[in-house]
Amino acid sequence: MASSIPLLDVRDLNSVFPSKGRPVRAVNQVSFTLNEGEILGIVGESGCGKSTLLLSLLRLIRYPGKVESGEIRFRGKDLLKIGDHEMRSMRGKEISMIFQDPLSTLNPAFTVGEQIRESLRLHNVINGNTLPWPFDGLRREREKKRVLQIMEEVGIPSPTDRYASYPHQFSGGMQQRTLIAIALACNPALLLADEPTTALDVTIQAQIINLMKQINQERGTAIILITHDLGLASEFCDRIAVMYAGRFVEQGTVDDIVENPQHPYTQGLLDCRPRIGERDQAIRPIPGNVPSLANLPHGCAFASRCPHVRDICEQGPIPMFETEPGHLNRCLITSDFQRDPDWTWDTVVDQEHVT
Amino acid sequence: MFGVAIIVFFFIRLTPGDPVDIMMGQGGAISAGELDRLREEFHLNEPLHIQLWYFLRDAARGDLGYSYVLKQPVTSLIAERLPATIELAGGALIFSLLVALPVGIISAVRQNSWLDRLSMSSAFLGISMPGFWLGIILILLFSVRLHWLPVQGRVALGSGLQERTGFFVLDSILTGNMAALTSSLLHLVLPSITLGAPVAAVIARVLRSSMLEALRSDYVTLARSKGMAETWVVVKHALRNAMIPTVTVVGLQVGILLGGNMVIETVFGWPGLGRMVVKAIFDRDFPLIQGTVMIYAFTFVMANLIVDVLYTYLNPRIKM
Amino acid sequence: MEVNHDISPPFRDQAYGWRLRLELWWRNFQSFLRDLRAHPLAMAGGIIVILYLFAAIFADQLTVYDPTRGDLRLRHIPPAWEAEGDWAYPLGTDSQGRDLLTRIIYGARVSLSVGFLSVGISVVVGVLFGTLAGYFGGRFDAAVSRLADLLLAFPFLIFAIGVMAFLGPGFTNLILALTFKGWVEFFRLVRGEMLAEKTREYVEAARVTGQGHAAIITKEILPNIIQSVFVLGTLRIGYMIITEASLSFLGLGLPPDIPTWGSMVATGRDALLVAWWVSTLPGLAIVLLVMAINIFGEGLRDILDPRLKLDG
Chain U
1 MASSIPLLDV RDLNSVFPSK GRPVRAVNQV SFTLNEGEIL GIVGESGCGK STLLLSLLRL
61 IRYPGKVESG EIRFRGKDLL KIGDHEMRSM RGKEISMIFQ DPLSTLNPAF TVGEQIRESL
121 RLHNVINGNT LPWPFDGLRR EREKKRVLQI MEEVGIPSPT DRYASYPHQF SGGMQQRTLI
181 AIALACNPAL LLADEPTTAL DVTIQAQIIN LMKQINQERG TAIILITHDL GLASEFCDRI
241 AVMYAGRFVE QGTVDDIVEN PQHPYTQGLL DCRPRIGERD QAIRPIPGNV PSLANLPHGC
301 AFASRCPHVR DICEQGPIPM FETEPGHLNR CLITSDFQRD PDWTWDTVVD QEHVT
Chain V
1001 MFGVAIIVFF FIRLTPGDPV DIMMGQGGAI SAGELDRLRE EFHLNEPLHI QLWYFLRDAA
1061 RGDLGYSYVL KQPVTSLIAE RLPATIELAG GALIFSLLVA LPVGIISAVR QNSWLDRLSM
1121 SSAFLGISMP GFWLGIILIL LFSVRLHWLP VQGRVALGSG LQERTGFFVL DSILTGNMAA
1181 LTSSLLHLVL PSITLGAPVA AVIARVLRSS MLEALRSDYV TLARSKGMAE TWVVVKHALR
1241 NAMIPTVTVV GLQVGILLGG NMVIETVFGW PGLGRMVVKA IFDRDFPLIQ GTVMIYAFTF
1301 VMANLIVDVL YTYLNPRIKM
Chain R
2001 MEVNHDISPP FRDQAYGWRL RLELWWRNFQ SFLRDLRAHP LAMAGGIIVI LYLFAAIFAD
2061 QLTVYDPTRG DLRLRHIPPA WEAEGDWAYP LGTDSQGRDL LTRIIYGARV SLSVGFLSVG
2121 ISVVVGVLFG TLAGYFGGRF DAAVSRLADL LLAFPFLIFA IGVMAFLGPG FTNLILALTF
2181 KGWVEFFRLV RGEMLAEKTR EYVEAARVTG QGHAAIITKE ILPNIIQSVF VLGTLRIGYM
2241 IITEASLSFL GLGLPPDIPT WGSMVATGRD ALLVAWWVST LPGLAIVLLV MAINIFGEGL
2301 RDILDPRLKL DG
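Chains as they are written, first to last, in the numbering used here: chain U, 1 to 355; chain V, 1001 to 1320; chain R, 2001 to 2312.
Since the hints were made in silico from the structure, they are not lab data. Some hints could be false.
Said to hold, decoys possible - Derived, one-sided and incomplete: chain V residues facing chain R with beta-carbon distance under 10 angstroms:
{"no.": "1", "residue": "Ala-1079"}
{"no.": "2", "residue": "Leu-1082"}
{"no.": "3", "residue": "Ile-1127"}
{"no.": "4", "residue": "Ser-1128"}
{"no.": "5", "residue": "Pro-1130"}
{"no.": "6", "residue": "Trp-1133"}
{"no.": "7", "residue": "Ile-1139"}
{"no.": "8", "residue": "Val-1235"}
{"no.": "9", "residue": "Val-1254"}
{"no.": "10", "residue": "Leu-1258"}
{"no.": "11", "residue": "Gly-1259"}
{"no.": "12", "residue": "Met-1262"}
{"no.": "13", "residue": "Val-1263"}
{"no.": "14", "residue": "Val-1278"}
{"no.": "15", "residue": "Phe-1282"}
{"no.": "16", "residue": "Tyr-1296"}
Said to hold, decoys possible - In silico DSBU-like pairs for lysine-lysine, Cα to Cα no more than 35 angstroms straight-line:
{"no.": "17", "chain 1": "V", "residue 1": "Lys-1279", "chain 2": "U", "residue 2": "Lys-77"}
{"no.": "18", "chain 1": "U", "residue 1": "Lys-66", "chain 2": "U", "residue 2": "Lys-145"}
{"no.": "19", "chain 1": "V", "residue 1": "Lys-1279", "chain 2": "U", "residue 2": "Lys-66"}
Given the structure is predicted, the values throughout are model-derived calculations rather than measurements. Where a beta carbon is used, it is the ideal one built from N, C-alpha and C, also for glycine.
Construct all of the structure, not just a fragment, from the sequences and the given hints.
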């Protein structure tokens, strides 16, 4: 059952951090849509702006950084235009987030149970209007029961014993489950996951990913997963967006990306993974370095490292081309358009399929 | 503590000058037999380690010796003056916390605002000023020029204060003496500010820096992502963690309070332990010095103990 | 260590020695000065301190009057900017008719020498003990640490007062009083850092190449620790100066004939109602100097180790 409007519709999102020189463009004209219950993976290297993108969606970017322009339509409502109060009611309730390093994300001074309960309390999930503290014993009891339920759902063993534990007493995997519990407490429609498994062992990684899959299937929660591991994304996600230097350079379904990668960067990423069975092949990394986000080149940001580069690549900002339905690619050379003899930068603007 | 006692003892005993001779210098003629008897009583003829033993034994029983100069037992002298010092220290502590806590928090939350810069500059000034100078300046300004606040002493003469506990503020409340209450409070203002200022400065700075660190941490971002209002995030999450290093510093500051109070009491004519000690030093009244220094050290150790306990309470990682 | 190829072969081996080191040191110093220039406040602080030093050293040349003897007919002349003031006595005179500016300048000698000397000795003792305790551990460490803890049980001022009380006034006694407890801080700092660094890889590496303990300590570990010691030291100088002033104020510092800022403030108290400047201005001198030192010290810390920055 798909609803008519997408869950999330992001258009031309730009987030910048002012600095002494030119501003740092962490998120640069990013657009994508996400439907209910879908899993989108955002893949890219460290520092390419992925985390900033997620934080932008929740309007959590710290001053002096800010969202400069664009639209973030959540079920039709533009999140950038609503008031602070309304935005706060969305955070944690409709859209939740989990982070990379669970130990530093959990407050060391409060118990695990308390931190999960906090989510419930903030959004009044249990029992709308009751007496304020300290007369709310009944409500606290009910909230606690719900927390125990959630803890069990995310796979924390012996929840009743663990309720009063502190984060540092948990293992990495359990801490991450706690974070997930906090995020899911109010049953959000969208879960943002910023590299949730990077800090964990491989076996625990698999467990957490399975947990997230389970959540997606049982509750229909849409997920945006950030990772630098293309393999992980291909296993877990429905669609993938590849991010480079603040821009999406390729978007499509998992099959599109993995079987028919079009952007040279995506191809490079797929190439440089060591494969089981190919022992004598040298690993082929992508030469060069990511350009600084404050000093982006005028043309294609990947030009200096691209094996297909031509002069035309450096002349102007490259738009996204839809080479197949649903498969977008920000490369002139590997898309069809460069074969059109009448093609110029002006014609680009008029193209229908360009985003 | 034990070691403390030993050090104190040896220091005192190492001074030149037979204490009994000094006493003689105060009183007038005392017969030779009397002298010997006194020496006997104060164990001065015994070797040093025996003297130490007597001292410790008496101290454990609450008897800190006898002041030659003032002709009273040290313990009662201390008991007389102690409430005054405690009132002053308390006043200073309250003042410094009242100022430092809000300033530290707000400066961190509104980093680099004019308020932040102003507070940090003032804090900087606060740690660069000698206490006695600040006191004198305040006296000049508020007492001499503006006549708002009294210059010296704890309470105005003629207020008819009856002492019950020795804590003037408390006593005036207990006896229902409004005039005395206002008077004693007014007298408390300037000394408390002078003593508390450097302490407040240090606490404010530490609090600010730990708050800044807390506000930058991941768990604060998480709290915000849960939909928590900013004020609440600051108070519940950030502050709780920022308090941990701050509390340790507060404990150390108690030491400064104790030390500074000698100077401040002198400046303001505050009849407390500090002033007594200073006078005792000039009078070479060793038992008194000994006893008071012991009390000071004891208080300091106690305060640090409390801080340690508080610390383990605040920081769950240590509880294990 | 870069090899200076400009030095011709016969000297090149020697060049690894003092000449090259001197050049490297000079370059470091210059870059340090450049960093300092970026911190105008810290520079201002440093300049003020230098001015004070200058005044203290050249006190005799700078002043006209005798700091210890005054003319009672000239007592209580207000500072020059006031109504009855006189520019011949720019800051006025005290109760004994002595020119205040002169006394303040001479007072700088005391404060500066006490401040730097006490911190200097504390640093040396503290670093020495800390290095030995941290590096070698064992009974020395246990004993000294115990002593340190014991000393820490006393608030600083009380300890100093106590020491001065029975040692009596005097310069060496004062220094002794201040350093007796002062070294503990540096001891702890160095010991802590030594313990931490001892296990780091570069120490292992040095040991593997056959360096003796002394060499390891001086060449490898100390340069890393020196910076934090230095920063702490500069910040403590101000505190020592204030403590000295407090002791003088109470009459427990130097003999009364030597002009110290603390004693000036103390004697000025009696005349507070008629001659406010006698107490206020010496105190102001203290505040200015300590603030300058502290600003410089904090700037130093920002430059040398931005991690420790209090501003975040």
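query: Taking the least C-beta to C-beta distance, is V:Met-1262 closer than 10 angstroms to chain R?
result: 7 angstroms, holds
field: V:Val-1235 as an interface hint toward chain R, with CB separation required under 10 angstroms
entry: The hint is violated - V:Val-1235 has no Cβ within 10 angstroms of chain R, the shortest such distance being about 19 angstroms.
- prompt: Close enough to count: is the Cβ of V:Val-1263 nearer than 10 angstroms to one in chain R?
  reply: 5 angstroms, holds
Interface hint outcome for V:Phe-1282 [beta carbon to chain R under 10 angstroms]: It holds, given that the least Cβ distance between V:Phe-1282 and chain R is near 7 angstroms, below 10 angstroms.
- request: Have a go at the V:Trp-1133 hint: is there a Cβ in chain R nearer than 10 angstroms to its own Cβ?
  value: 3 angstroms, holds
query: How about V:Ser-1128: closest beta carbon in chain R under 10 angstroms, or not?
result: With a minimum Cβ separation of about 4 angstroms from chain R (threshold 10 angstroms), the hint on V:Ser-1128 holds.
- prompt: Given V:Ile-1127 was flagged as interface, is its beta-carbon under 10 angstroms from a beta-carbon of chain R?
  reply: 7 angstroms, holds
Residue hint V:Leu-1258, partner chain R, criterion CB-CB below 10 angstroms: Since chain R brings a Cβ to about 5 angstroms from V:Leu-1258, closer than 10 angstroms, the hint holds.
message: Hint V:Pro-1130 vs chain R: min CB-CB distance below 10 angstroms?
response: It holds, given that the least Cβ distance between V:Pro-1130 and chain R is near 5 angstroms, below 10 angstroms.
message: So, as I understand it, the hint says V:Ala-1079 touches chain R; can you test that by seeing if any CB pair is closer than 10 angstroms?
response: Violated, because the Cβ-Cβ distance from V:Ala-1079 to chain R comes to roughly 19 angstroms (cut-off 10 angstroms).
task: Have a go at the V:Leu-1082 hint: is there a Cβ in chain R nearer than 10 angstroms to its own Cβ?
output: 15 angstroms, violated
task: Mind checking the CB of V:Val-1278 against every CB in chain R and telling me if the closest is under 10 angstroms?
output: 6 angstroms, holds
Violation of the numbered hints given earlier is confined to hints 1, 2, 8, 17, 18 and 19; the remaining hints are satisfied by the structure.
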